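S.K.: Chains A and B, in that order, give the protein sequences.
If you use the numbering used here, the first sequence corresponds to residues 1 to 279, in order.
If you use the numbering used here, the second sequence corresponds to residues 280 to 513, in order.
Note that these hints are calculated values from the structure, not bench results.
Every value quoted in this text rests on a predicted model; they were computed, and no experiment measured them.
No residue lacks a Cβ here, since even glycine has one placed at the ideal position from N, Cα and C.
Take the hints with a grain of salt, since some may be wrong.
Stated by the list, open to error - Cut-off 27 Å, straight-line C-alpha distance, at most; resulting in silico cross-link-like pairs (DSSO-like, lysine-lysine):
#1 379/B - 174/A
#2 173/A - 359/B
#3 359/B - 379/B
Said to hold, decoys possible - Covered stretches of chain A, going by a simulated chain B footprint (3 or more residues, C-beta under 8 Å):
#4 73–85
#5 193–205
Single-letter residue listing:
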Amino acid sequence: MADTSTVSHGTAPEGAVGPVPAKPGSRQLANTARRLASPLAIIALWQIASMTELLSPRILAGPGDIISTAGRLVASGELINGLIVSFLRVLAGFSIALILGIALALVSGLSRLGETIIDPPIQMLKAMPFLGLLPLFILWFGIGEAPKIGLVAFGAVFPIYLTLHGGIRGIDKKLIEAGQTLELGTFGIIRHIIIPGALPSLLVGVRYGLSVAWLSLVVGEQINASSGIGYIITYARDFLQTDVIVVCLLVYAIMGLLTDGLVRAIEAYALRWRPEVIA
Amino acid sequence: MSNLVDIRKLQRSFGGPAVLDGIDLTMAPGEFVALLGRSGSGKSTLLRVLADLDTAPAQELQLPARRSVVFQEPRLLPWKSVIENVALGVRHPDARLLAKQALADVGLSHRLDAWPLTLSGGEAQRTALARALVREPQLLLLDEPFAALDALTRLRMHDLVFELWRKHHPAVLLVTHDVWEAVALADRILVLDQGRFIREIRVDIVHPRRRDDPRTSLVEAELLKELGVEPLHA
Ligand SMILES: Nc1ncnc2c1ncn2[C@@H]1O[C@H](COP(=O)(O)OP(=O)(O)OP(=O)(O)O)[C@@H](O)[C@H]1O
Ligand SMILES: [Mg+2]
Chain A
1 MADTSTVSHG
11 TAPEGAVGPV
21 PAKPGSRQLA
31 NTARRLASPL
41 AIIALWQIAS
51 MTELLSPRIL
61 AGPGDIISTA
71 GRLVASGELI
81 NGLIVSFLRV
91 LAGFSIALIL
101 GIALALVSGL
111 SRLGETIIDP
121 PIQMLKAMPF
131 LGLLPLFILW
141 FGIGEAPKIG
151 LVAFGAVFPI
161 YLTLHGGIRG
171 IDKKLIEAGQ
181 TLELGTFGII
191 RHIIIPGALP
201 SLLVGVRYGL
211 SVAWLSLVVG
221 EQINASSGIG
231 YIITYARDFL
241 QTDVIVVCLL
251 VYAIMGLLTD
261 GLVRAIEAYA
271 LRWRPEVIA
Chain B
280 MSNLVDIRKL
290 QRSFGGPAVL
300 DGIDLTMAPG
310 EFVALLGRSG
320 SGKSTLLRVL
330 ADLDTAPAQE
340 LQLPARRSVV
350 FQEPRLLPWK
360 SVIENVALGV
370 RHPDARLLAK
380 QALADVGLSH
390 RLDAWPLTLS
400 GGEAQRTALA
410 RALVREPQLL
420 LLDEPFAALD
430 ALTRLRMHDL
440 VFELWRKHHP
450 AVLLVTHDVW
460 EAVALADRIL
470 VLDQGRFIRE
480 IRVDIVHPRR
490 RDDPRTSLVE
500 AELLKELGVE
510 PLHA
């Protein structure tokens, strides 16, 4: 049965008379400029305060100094090396959190028994201020890489577990029924319905977990680091180099934004079936 | 010819009074049966038993192995394209090809790679129909599949379902609220009320059935009375 002829009507002719709306691109540009105005003004005031020595470099270095310090640290390779070490710590800790969080959420999301065993202790641990665990981690793992990676993993595992668990529990039962009528079997239903259906929640958890991971790293690296961004900060503190500290904080922020952007890109691809992504 | 579906004394309750109270139902292969009844009379409950979606302790049922269901909502997996949805339930090396043919049968060849959430209601329901038919069911269970569609689309869907039934010839159990839908399509119409069939009507009028045919009008009026609705034009 083919659709019969359609009648087209109501479309305005090309070049219709009337006010021409501004191109979306240029409007966006104007909007961005407006939003940037106030931060730029603050930076300018900050620079003036530094140059007039109203603001002592021992309290906070000026923007100009910070930029030249950043250039120096990059050129010497110091910053890049520290960054790699820090990044590897986040990578290791976050990978552990991801694997552990997904495994726990699958078990507790897919079976009632699993939920009874796994969910209550996780809900209790979640209530703990996990950054406060650092002294314990140091006692258990010493002062090498392990407590830092452990703290990152511990902090990031909760958002991953909680969102994925919620996502699995929230899957539309009607879709699961449809899968049963298609005789997909338990494994097929998990693969075709539950996992893709819970993916949006998981990705939210991953993004949140990543921000927690960087935060944990910042804290973990303040203590007894002999390498990494945190070490550079500790060293700079001893020599009152506020410019170096600010550069390092900016690097943390940039890394957080970059990893978040990566997950957003994955999200845009993996969730392209959502109409708001399609449109 | 032996029966494809044979159910005796089917009972089902959800704690309270019986929702299905001793239902006997037989269906011949290729037979088109429509099931009418007030809201809450147990139509979906019966259909879910036939679809094997009911988790109650199994009763003695004779059902064909290959069954398909179309629900009131399309229940497509939003993360799979239209053709992937249709191919999903097919155990066959040429699943994709079969899915393509099934989608051509429902007039959706141009939407193969569309995402389900971008389909119109009618397109989504046609996809669900293709997904049901591609499995070549012996028994096709339809639970108010057109209830959410506009009147015009619904009439087109009637023609489509009728054509597909002619072509594949599954036995069909169509649950509906639409009396004309039942009269236009079914060989036999059952009326369910308080867990029992209170009426069975054979419709022997040749297809295509016209609504202004006095014989269809008669059946329609009779059914409406059975459902407790006095037709306006009576
Ligand atoms: N899982 C369930 N748990 C408890 N009660 C149920 C359940 N499923 C159905 N019922 C009850 O059984 C009765 C029949 O429901 P059913 O869905 O079969 O009606 P229906 O004839 O399909 O109605 P409608 O035309 O509105 O779809 C209703 O009173 C309903 O509340
Ligand atoms: Mg129903």
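S.K.: Each hint needs a verdict: does it hold in this structure or not?
M.R.: Consistency of the hints with the structure:
{"no.": "1", "hint": "379/B - 174/A", "verdict": "holds, 25 Å"}
{"no.": "2", "hint": "173/A - 359/B", "verdict": "holds, 17 Å"}
{"no.": "3", "hint": "359/B - 379/B", "verdict": "holds, 15 Å"}
{"no.": "4", "hint": "73–85", "verdict": "violated (count 0)"}
{"no.": "5", "hint": "193–205", "verdict": "holds (count 4)"}
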